[in-house]
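**Student:** Sequence:
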Amino acid sequence: MEQRRSSQSFKRKELVGKLNPVCLRAFKAAADTAKLRGNPYVELVHFIEQLVLSERSDVQLILADAGVDASRLTADMTRAVDKLPYGATSIEEFSDHIFHAIQEAWGLAGLEFSVDEVRSAHILLACLKTPVLEGLLSKISGEFDKIDAQAV
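Numbered by our numbering, the letters in the sequence shown go through residues 3 to 154 in order.
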């Protein structure tokens, strides 16, 4: 079992290594935010929130193009984060959903866009095209439902 765990850790490190600088900063900021809030886990909402807040993020362009209400989205994400468990003194783990999103985004980046780095648009698109991740986005905010994955 220990060997399986280290193999999984290597895979996660490999996935994180595929993120472009904007996404990597958002990934690290998500962990910092979770820790500051006392959340024991870094959840997909932490990561998506940081991508939305990133100044040079493709996600911001996609949201604007889709007519997403930025203030409503921000309020919804804040509510979603507020519902998470808190009181932890350290981060126990990153959610598998984050790595699922990165893995799907990596596939999209390579297969559909022929690029090596994962951009925030790839992550958002992967979440919109993957049923379990799309469901999580919808729970975070109905504003994500305004985005047409086919048009991205």
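Don't read these hints as lab results, they were simulated from the structure.
It is possible that part of the hints are untrue.
Unchecked claim - Derived Cβ-Cβ restraints for the label pairs, each shown as a range:
1) 14 with 86: 19 to 29 Å
2) 144 with 15: 32 to 42 Å
3) 92 with 115: 35 to 45 Å
4) 80 with 27: 16 to 26 Å
5) 40 with 154: 28 to 38 Å
6) 15 with 39: 18 to 28 Å
7) 14 with 112: 33 to 43 Å
8) 19 with 92: 22 to 32 Å
9) 98 with 34: 11 to 21 Å
10) 141 with 67: 20 to 30 Å
11) 68 with 117: 20 to 30 Å
12) 152 with 117: 18 to 28 Å
13) 141 with 40: 20 to 30 Å
Note that CB positions come from ideal geometry on N, CA and C, so glycine has one too.
**Student:** Next step is simple, just say for each hint if it's right about the structure.
**Tutor:** Evaluation of the provided hints:
1. 14 with 86: 19 to 29 Å: Roughly 21 Å apart at Cβ, these two residues keep to the hinted range, so it holds.
2. 144 with 15: 32 to 42 Å: This hint holds: roughly 34 Å between Cβ atoms.
3. 92 with 115: 35 to 45 Å: Taking Cβ atoms as reference, residue 92 and residue 115 lie about 37 Å apart, which means the hint holds.
4. 80 with 27: 16 to 26 Å: Given about 20 Å between the Cβ atoms, the range holds.
5. 40 with 154: 28 to 38 Å: Hint holds: Cβ distance 34 Å, inside 28 to 38 Å.
6. 15 with 39: 18 to 28 Å: holds (24 Å)
7. 14 with 112: 33 to 43 Å: Roughly 18 Å apart at Cβ, these two residues miss the hinted range, so it is violated.
8. 19 with 92: 22 to 32 Å: holds (24 Å)
9. 98 with 34: 11 to 21 Å: holds (20 Å)
10. 141 with 67: 20 to 30 Å: With a Cβ separation near 23 Å, residue 141 and residue 67 satisfy 20 to 30 Å, so the hint holds.
11. 68 with 117: 20 to 30 Å: holds (22 Å)
12. 152 with 117: 18 to 28 Å: holds (20 Å)
13. 141 with 40: 20 to 30 Å: holds (21 Å)
Hint 7 alone, counting from the list given before, is not met by this structure.
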